[in-house]
Amino acid sequence: MFSLDLVLIMFASGALAGAIAAGAGAPLLIQALVFALVSVGSLAAVRPLAKRRLEIARDPVKHGIDAVRGSDALVLQQVDEHHGLVKIGGEQWTARAYDSTQVIEPGQTVQVVEVKGATALVWRVP
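Throughout the sequence shown, residue numbering follows my numbering, covering 184 to 309 in sequence.
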């Protein structure tokens with residue numbers, strides 16, 4: 184009933200249209216045709232628009248490590264292949280250079296490529 188397909192709402196609109204036709208004195212065959220036409224019409228026209236709108240509203244928000252991956256960081260202590268310290272979004276993280284040949288000095292901006300445990304693997308931003 185609460186699915187995102189919204190099919191029941193479309194059938195409800197068809198039933199309402201059929202009920203209005205019945206209230207106007209239409210014969211049973213006309214009521215059924217009105218129900219079918221309005222239901223199918225709303226499924227074809229309204230449902231894709233409503234579904235697209237709901238999918239936009241459900242845009243996932245990144246949390247935890249997924250939010251850290253890809254973000255920029257400021258180097259606080261020299262970062263090399265074995266150790267380092269960076270500041271990511273107001274938090275201090277231990278860091279290592281993603282490329283073992285890089286040595287990144289304090290004050291430079293880096294990008295978090297990957298997170299392993301509590302250590303950010305970073306790459307120098309050009």
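Please keep in mind that the hints were generated in silico from the structure rather than gathered at the bench. Even for Gly, the Cβ is constructed at its ideal location relative to N, Cα and C. Any given hint could turn out to be false.
Derived pair list, reagent style DMTMM-like, types lysine to aspartate or glutamate, alpha-carbon separation capped at 25 Å [to be verified]:
hint: 1; residue 1: LYS299; residue 2: ASP263
hint: 2; residue 1: LYS299; residue 2: GLU288
hint: 3; residue 1: LYS270; residue 2: ASP249
hint: 4; residue 1: LYS270; residue 2: GLU238
hint: 5; residue 1: LYS299; residue 2: ASP255
hint: 6; residue 1: LYS299; residue 2: ASP282
hint: 7; residue 1: LYS234; residue 2: ASP282
hint: 8; residue 1: LYS234; residue 2: ASP255
hint: 9; residue 1: LYS270; residue 2: ASP282
hint: 10; residue 1: LYS299; residue 2: GLU274
hint: 11; residue 1: LYS270; residue 2: ASP255
hint: 12; residue 1: LYS299; residue 2: ASP249
Beta-carbon label-pair distances, calculated as ranges [said to hold, decoys possible]:
hint: 13; residue 1: ILE192; residue 2: ASP263; range: 57 to 65 Å
hint: 14; residue 1: ARG230; residue 2: LEU257; range: 44 to 52 Å
hint: 15; residue 1: VAL229; residue 2: ALA205; range: 20 to 28 Å
hint: 16; residue 1: VAL229; residue 2: ASP249; range: 33 to 41 Å
hint: 17; residue 1: ARG230; residue 2: VAL296; range: 37 to 45 Å
hint: 18; residue 1: ARG236; residue 2: PRO210; range: 36 to 44 Å
hint: 19; residue 1: PRO210; residue 2: VAL190; range: 21 to 29 Å
hint: 20; residue 1: ALA233; residue 2: HIS266; range: 49 to 57 Å
hint: 21; residue 1: ALA219; residue 2: GLY253; range: 20 to 28 Å
Going down the list of hints, with the structure as the test:
For the given pair, LYS299 sits about 15 Å from ASP263 by alpha-carbon distance, which is consistent with the 25 Å threshold. A distance of roughly 21 Å separates the Cα atoms of LYS299 and GLU288; the hinted pair therefore holds under the 25 Å criterion. Of the pairs offered as hints, the one joining LYS270 and ASP249 holds, with about 16 Å between alpha carbons and a cut-off of 25 Å not exceeded. For a cut-off of 25 Å, the pair hint linking LYS270 to GLU238 is broken: about 34 Å separates their Cα positions.
For the suggested pair LYS299 and ASP255, the alpha carbons sit about 16 Å apart, so the restraint of at most 25 Å is met. Of the pairs offered as hints, the one joining LYS299 and ASP282 holds, with about 14 Å between alpha carbons and a cut-off of 25 Å not exceeded. Distance hint between LYS234 and ASP282 is unfulfilled; the C-alpha atoms sit about 44 Å from each other, more than 25 Å. A C-alpha spacing of about 35 Å is found between LYS234 and ASP255, which places the hinted pair above 25 Å, so the restraint is violated.
Proximity of LYS270 to ASP282 is assessed by CA-CA distance (about 19 Å); at most 25 Å being required, the pair is judged to hold. Distance hint between LYS299 and GLU274 is fulfilled; the C-alpha atoms sit about 16 Å from each other, no more than 25 Å. With a C-alpha separation of about 9 Å, the suggested pairing of LYS270 with ASP255 holds against the 25 Å cut-off. Pair hint LYS299 plus ASP249 holds up; C-alpha atoms about 12 Å apart against a cutoff of 25 Å.
The hint said 57 to 65 Å for the Cβ distance between ILE192 and ASP263, and at roughly 60 Å that hint holds. One distance hint, 44 to 52 Å for the beta-carbon pair ARG230 and LEU257, holds here, with the actual separation near 48 Å. In this structure the hint that VAL229 and ALA205 lie 20 to 28 Å apart at CB holds, the actual value being about 23 Å. Between VAL229 and ASP249 the CB atoms are about 34 Å apart, so this pair conforms to the stated range of 33 to 41 Å.
Distance hint for ARG230 and VAL296: a CB-CB separation of about 42 Å, consistent with the stated range 37 to 45 Å. Distance hint check: the CB atoms of ARG236 and PRO210 are about 37 Å apart, consistent with the given range 36 to 44 Å. With their beta carbons about 27 Å apart, PRO210 and VAL190 fall inside the hinted range of 21 to 29 Å. The supplied range of 49 to 57 Å is met by ALA233 and HIS266, whose beta-carbon atoms lie about 53 Å from each other.
The hinted range of 20 to 28 Å is not satisfied by ALA219 and GLY253, whose Cβ atoms lie roughly 50 Å apart.
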